[in-house]
Amino acid sequence: MRIAAIVCTLAWRNLWRNHRRTLIMLAAIAVGVWAMLFMTALMRGMVNEMVRDGIRALPGHVQIHHPGFRDDPSVDKLMPPPAADLLVVLGGEDVVAWASRVKVPAVITSERDSRGVTLIGIAPDEERGLSFLADAIAEGRFLDSVDDTGIIVGRKMVDNLETRLGKRIVVMSQDPDNEIVDRGFRIVGIFEASIASYEEQMIFSGRGTVQRMLRIDDQVSEIAILGEDYRAVDSLRDAIAAIAGEGRAVQPWYTLNKYLSTMLGVMDGFVLIWMIVVFLALSFGLVNTLVMAVFERIREIGLMLALGMKPVMILGQFVVESLCLLVMGLVSGNLLAIATIATLSSGIDVSVVAEGMEMFGAGSVLHPELTLTDVIRANVIVIGLGFLASLAPAWRASRYQPIEAITRV
Amino acid sequence: MSAVRCVDVCKIYRQGEVDICGLDHVNIEIEAGGFVCLSAPSGGGKTTLLNAIGGLDRPDSGEIWIGDRRIDNLGKSDLADLRLRRIGFVFQAYNLIPVLTARENVEFVMQVQGVPASERRQQALEILQEVGLAGLGDRRPAQMSGGQQQRVAVARAIVSRPEMVLADEPTANLDSHTADQLMELFVALNRQHNTTFIIATHDQRVMRYARRLIRMLDGRIVEDSLQNAA
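Quick note, the sequences are listed as chains S and A, same order.
Throughout, the numbering used here is defined as the position within the first sequence, counted from one, plus 49.
Throughout, the numbering used here is defined as the position within the second sequence, counted from one, plus 1031.
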């Protein structure tokens, strides 16, 4: 303890022998840590927004399907509406919202043109808390009830079909007996989505209306469930899978949307690489500072060794000096990053590159998001790698022969 | 009992392609409580012998004993321990750790030894008073004169009551008045505490204080004589 005290005292005072050099190094570490955290927060914010948008696009956090539905999303891969025991789970605290839907391939035809689409029968009240649709109505109205006979189509689809709000269109599909079924709908709403392809692929009507058109009674294609946090959906999926039984496929969003989950993984890797690259740039400065300190203090090192200080204490002195520098730099960098992110909490407008951002599935306003995990990871990387980087000069200092060091000119 | 015994000690340095004999079959025995000067011209071997006795340098052959312990075959860690607990050092220059105050410099050896804070503080203040530096304990080396710095180094060397103090040209950077003061301090401490002093010097004024004078030339002892100290 007493030896630790003298080692720490020497390290701390030596750190401030050359104020300017120490302050420059501190500033470099602080800016480096700030850059690590701020860029990470920006990327995290962008990815989180992409995931949230993706989840709001319809999938929710967990979905229940007929086991064959994902391979062949046709009208004969249906299932009954949620049974009483499943309704109990869906009404639990872990579930924020849920919706059951009918989802079949169809053809939409206007007076001018026809297109292949996905016809989705929804319960409007269930969708309000779960998907983007209710908030994306740009013209007209949202659906009133499951029996609403109106249809909502995307802006791009309206343009493609050369139709407009209030006009009638015809939707054709198949019933479970492979008979062609069709129905006329009036366009009651036009939606605009952040992802253009949604506007060209999806059309929505009341679930009951679609069920009657397809002659499938009250059967549904999928049940989408929204939990509290998209990062922690496994327990929700397990709870639902236990009730739904083996005859149902219960899948989390990251299985349903491989693009998003892959993007999330890529971003995690990118964040780690970014942190290490920034640190490597920092470590050159750190090692240089310590090497300079060792060269400047060779005679003192020799003196301390001559007086009986063990080499490990010399090594400890330089390591503690480096750690003091790193900790101070980390604290400053963390505070700077937190302050910057708090200042920009309302978002950063990147509308000048909005088209590019849309390609990624992100919006034109970036909201930096700093997670505790990222802060811990950045701090551990700086302290851990900083410790390793400081070992070389510290080791060198501890290896001097006292008499050689003390007589060094 | 002898404080130091060197038996047939040899040390050869290599400078480029040339071998230089630092110590050439040196045999000496210094009694406990002795006050000895090692005198030689530059390169004569006095510092080499002092370093070998202090465990700072290892001889190529021969034996060195401190008290009843042979030290020429000890490992680094044991040598560090020996220096820490049994030997005090005063060097020519760069004697003090610049970031520590005079008191902390004096406490340094005790702190590494593990002496409790209150005890070492009290001892440091007492010894600073003894060397005439009472009231200067909070000054850093840069705020003190060369003579004061050497006194702090002496205080540090003797504060933990080592068996011997090895001083290498301790007065080299001091004016004659300060050098005399320092040597009188050495003599007083030698008498008071019976600490063995071995001083390497080529300063005639310093040699006057020694009771035994060992002259060296080219790594060999050429004269070993007792004398009346000043």
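The set of hints was computed from the structure by calculation and includes no laboratory data.
Keep in mind the model is a prediction, meaning the values are calculated, not measured.
Cβ atoms here follow ideal geometry from the backbone N, Cα and C, with glycine treated the same way.
Take the hints with a grain of salt, since some may be wrong.
Partner residues are not named here, just some residues of chain S that face chain A (Cβ under 10 Å, in silico) [claimed, not checked]: (1) Arg66; (2) His68; (3) Arg69; (4) Gly117; (5) Phe118; (6) Leu210; (7) Arg346; (8) Gly351; (9) Met362; (10) Leu364.
Identify every previously stated hint that the structure contradicts and give their numbers, smallest first.
-> Hint check: 2, 3, 4, 5, 6, 10 fail, others pass.
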